[in-house]
Amino acid sequence: MAAGLFKSEVKNPVLRWVDTRLPLITMMQKEYGSFPTPRNFNYFWNFGALATVTLMIMIMTGVFLAMNYTPNANMAFSSVQHIMRDVNYGWLIRYVHMNGASMFFIVVYIHIFRGLYYGSYKFPRELLWMLGVVILLLMMATAFMGYVLPWGQMSFWGATVITNLFSAIPVVGQSIVQWLWGGFSVGNPTLNRFFSLHYLLPFLIVGVVFLHVVALHITGSNNPLGIDVKGPQDTLPFHPYYTVKDSVGLCVFLLIWAAFVFFMPNLLGDTINSIPANPLQTPADVVPEWYFLPFYAILRSVPNKVLGVALMFASIGVLFVLPWLDTSPVRSCRFRPIYRILVPLLVVDLFALGYVGAHHPQGFVVLLGRVATAWYFLHFLVFTPLVGWFETPLPLPESIAKPIVRKPHSGGGPIPGGAVAKPMENA
Amino acid sequence: MRLRVLAALAFLMAPLGGANAQEAAPLLHSHWSFDGIFGTYDKASAQRGFQIYSQICSACHSMNYMAYRNLAGIGLSPAQIKAVAAAVTVPGGLDDQGKETERPGRPSDTFKAPFPNDKAAEAAMGGALPPDQSLLVAARDGGPNYIYSLMQGYVDPPAGVQVPVGHYYNKYFPGHMIAMPPPLTDNAVTYADGTKATLAQEAHDVATFLTYTSYPQLDEQHSLGVRVLLFLIFMTIVTYIAKRRVWADVH
Ligand code: HEM
Numbered sequence: 046m047a048a049g050l051f052k053s054e055v056k057n058p059v060l061r062w063v064d065t066r067l068p069l070i071t072m073m074q075k076e077y078g079s080f081p082t083p084r085n086f087n088y089f090w091n092f093g094a095l096a097t098v099t100l101m102i103m104i105m106t107g108v109f110l111a112m113n114y115t116p117n118a119n120m121a122f123s124s125v126q127h128i129m130r131d132v133n134y135g136w137l138i139r140y141v142h143m144n145g146a147s148m149f150f151i152v153v154y155i156h157i158f159r160g161l162y163y164g165s166y167k168f169p170r171e172l173l174w175m176l177g178v179v180i181l182l183l184m185m186a187t188a189f190m191g192y193v194l195p196w197g198q199m200s201f202w203g204a205t206v207i208t209n210l211f212s213a214i215p216v217v218g219q220s221i222v223q224w225l226w227g228g229f230s231v232g233n234p235t236l237n238r239f240f241s242l243h244y245l246l247p248f249l250i251v252g253v254v255f256l257h258v259v260a261l262h263i264t265g266s267n268n269p270l271g272i273d274v275k276g277p278q279d280t281l282p283f284h285p286y287y288t289v290k291d292s293v294g295l296c297v298f299l300l301i302w303a304a305f306v307f308f309m310p311n312l313l314g315d316t317i318n319s320i321p322a323n324p325l326q327t328p329a330d331v332v333p334e335w336y337f338l339p340f341y342a343i344l345r346s347v348p349n350k351v352l353g354v355a356l357m358f359a360s361i362g363v364l365f366v367l368p369w370l371d372t373s374p375v376r377s378c379r380f381r382p383i384y385r386i387l388v389p390l391l392v393v394d395l396f397a398l399g400y401v402g403a404h405h406p407q408g409f410v411v412l413l414g415r416v417a418t419a420w421y422f423l424h425f426l427v428f429t430p431l432v433g434w435f436e437t438p439l440p441l442p443e444s445i446a447k448p449i450v451r452k453p454h455s456g457g458g459p460i461p462g463g464a465v466a467k468p469m470e471n472a
Numbered sequence: 017m018r019l020r021v022l023a024a025l026a027f028l029m030a031p032l033g034g035a036n037a038q039e040a041a042p043l044l045h046s047h048w049s050f051d052g053i054f055g056t057y058d059k060a061s062a063q064r065g066f067q068i069y070s071q072i073c074s075a076c077h078s079m080n081y082m083a084y085r086n087l088a089g090i091g092l093s094p095a096q097i098k099a100v101a102a103a104v105t106v107p108g109g110l111d112d113q114g115k116e117t118e119r120p121g122r123p124s125d126t127f128k129a130p131f132p133n134d135k136a137a138e139a140a141m142g143g144a145l146p147p148d149q150s151l152l153v154a155a156r157d158g159g160p161n162y163i164y165s166l167m168q169g170y171v172d173p174p175a176g177v178q179v180p181v182g183h184y185y186n187k188y189f190p191g192h193m194i195a196m197p198p199p200l201t202d203n204a205v206t207y208a209d210g211t212k213a214t215l216a217q218e219a220h221d222v223a224t225f226l227t228y229t230s231y232p233q234l235d236e237q238h239s240l241g242v243r244v245l246l247f248l249i250f251m252t253i254v255t256y257i258a259k260r261r262v263w264a265d266v267h
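For the record, the sequence lines run as chains A and B. Going left to right, the first sequence walks through residues 46 to 472 as the numbering used here numbers them. Going left to right, the second sequence walks through residues 17 to 267 as the numbering used here numbers them.
Don't read these hints as lab results, they were simulated from the structure. Bear in mind that the values here come from a model prediction, so they are computed numbers and not experimental data. Here a beta-carbon is modelled for each residue, glycine too, at the ideal position from N, C-alpha and C. Hints should not be assumed to be uniformly reliable.
[Unchecked claim] Covered stretches of chain A, as calculated for chain B (at least 3 residues, CB under 8 angstroms):
1. 245 to 254
2. 283 to 289
3. 315 to 324
4. 370 to 381
[Claimed, not checked] If you only want the chain B side, here are some residues facing chain A, beta carbon under 10 angstroms, derived:
5. 147
6. 156
7. 242
8. 249
9. 251
Required output: the full structure, derived from the provided sequences and hints.
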């Protein structure tokens, strides 16, 4: 073995030649082949892989759309119609991309819920979690700017309403808004920069996802029991066990996505986006895409504009500090009798906020919006720290392979894990 | 069934934009051949709808995203399409002297618009712009059922309601006062294929044609979709079996 070469174990001489100089094959083998992975994942652990695949599909369809799209205020709308009508399978590419944005958010929201429920944000995975929140923010920016590109009525007025939020910033607000617009209203310069950024941000997301995965491979994955891996008996090699399990989830996911693309491609969209942007005609209702509705509801639940905008950003910001708000040493909600109720309640709360975001803020809707907004922040800022202090967690199993618990103070012998911990869910 | 559940779920989440429609009457519903996952366009109906569009609607409404060649999708032959296109004259660019020329239409031309621009259309219509019809079904809640209803929605205004000059009362139009005179009546056209031209029949046919102009790819979309779903169901089963085998030795 010559000096300066990597000691490769690849058999094929050509691949070996490459691997000794650039050990990608060895790296993939280590990180995705033999990588020791907890043996007890349930299907919630599919969603990171699903998000990765979705991101790749979005980039691929996006690149093909961009080949035929024209980022000009006079031509954008008709160039989209050109894609739908004249480009071979243009309708397919566009419908995949359009519905893909919704699929991406569904997947990532479930992925985040998984993290919340099983305590994946806690030591030692805080940074991994924060990188996830950065991905979420980048996704939101990307989706928002992408929705502007077809330059329909909702594109235009959505962009107007959302960019105007920045005018709430004291003193410099108005200047910032004009700087974002590149003019005195949403117009051609806005469309051009949004197109440029909509093309750029997904590649930044790829970069952050890479860091996210690197961080994951340092700490290793969490698991439904939330306890640390104690040794080889607790893990399985990633391949073939989790490659095949992820593939099952992927097939089901693609099935759902395809059902949307082919049979209800416009269900999640808004009809008035089929009307070309018209700066002189404000639509009766400006409603954001469904995945922004809870945040939009928080914004509108506060009578004061500055405070509303601040709370809306804080609703994501609070996720960054969650690892330090949660005072419980136990990760998985399976062993947290109180918190395991609060996390699903938070999901109910987000659905309520979604409902509020989609409706005219009058009467009952306003009240519901305020209560749900208050609950959202109470959950993170009050309940999460308090419950961590007061809750008595259930006894933890000894290890993943041997889900055997010792009664905390009895000092007695081990009892069968099935009695307390649920059976493994990896069938 | 799964589709239904998904649709229902998605409906719960989707912005309920229609909620503000100013107490317009609930829409009439027709049976559409293109509904459902196996749905395809009823070509005879779409062709009758095209006849209505050409003889009536095209006097006021443009159809900017439809080219004559797109009529192949509702079953017109290349010769028929050529003839339809050749019946109009379109700008032919500049000649050697730099003068504007004209030429007969070709299948690749888009439908000729009744007015040179929106301003001219508004001027002719007393200020109201007849919207372009290529995306009308896509751009209205209710889609084909909305068109179907609107065409049949002209009724006498309720007692005490004043209809402004140049407007008509339509019970399905949001706000009821529409600037479009009733475009269809019984026997407004004589169908080339001998179908009896009742108002409901005409409304149904023109709505079918307008759905086609909004979604010309629908037939292909459905047939490809069924094949893709079958393939993915098959892949799901195969992968699941593989997963069971791989995991059989763990436990
Ligand atoms: C583009 C979006 C995202 C992609 C592609 C992505 C990708 C992944 C992948 C491949 C994994 C490993 C597989 C798994 O454990 O499921 C993972 C793990 C993880 N992700 Fe993400 N992720 C994304 C967004 C997020 C977001 C927004 C958050 C949180 C706010 C997040 C938090 C986590 C955490 C905490 C883990 C470790 C999970 C564990 O093992 O318990 N991710 N991610």
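task = Closer than 8 angstroms, Cβ to Cβ, for at least three residues: run that test on the region 370 to 381 of chain A against chain B and report holds or violated.
result = That given contact is violated, which follows from only 0 residues of the region 370 to 381 of chain A lying within Cβ reach (below 8 angstroms) of chain B.
key: Restraint outcome when residue 147 of chain B is required to lie within 10 angstroms of chain A by C-beta distance   = holds (8 angstroms)
ask   = At a threshold of 10 angstroms, is the proposed contact between residue 251 of chain B and chain A supported by beta-carbon distances?
value = holds (5 angstroms)
task = Please count how many residues of the region 315 to 324 of chain A have a CB within 8 angstroms of a CB from chain B and say whether that reaches 3.
result = With 5 residues closer than 8 angstroms to chain B, the region 315 to 324 of chain A meets the three-residue bar; holds.
message = A closest beta-carbon separation below 10 angstroms is what the hint needs, so does residue 249 of chain B meet it against chain A?
response = Hint holds; residue 249 of chain B Cβ to chain A Cβ min 7 angstroms, cut 10 angstroms.
inquiry  = At least three residues with a C-beta closer than 8 angstroms to a C-beta of chain B: is that true for the region 245 to 254 of chain A?
reply    = violated (count 0)
message = For the restraint on residue 156 of chain B, tell me whether the closest CB of chain A is nearer than 10 angstroms.
response = holds (6 angstroms)
ask   = At a threshold of 10 angstroms, is the proposed contact between residue 242 of chain B and chain A supported by beta-carbon distances?
value = holds (8 angstroms)
ask   = With a Cβ-Cβ cutoff of 8 angstroms, does the region 283 to 289 of chain A contain at least three residues near chain B?
value = holds (count 3)
When the structure is compared with the earlier hints, violations turn up for hints 1 and 4 and for no others.
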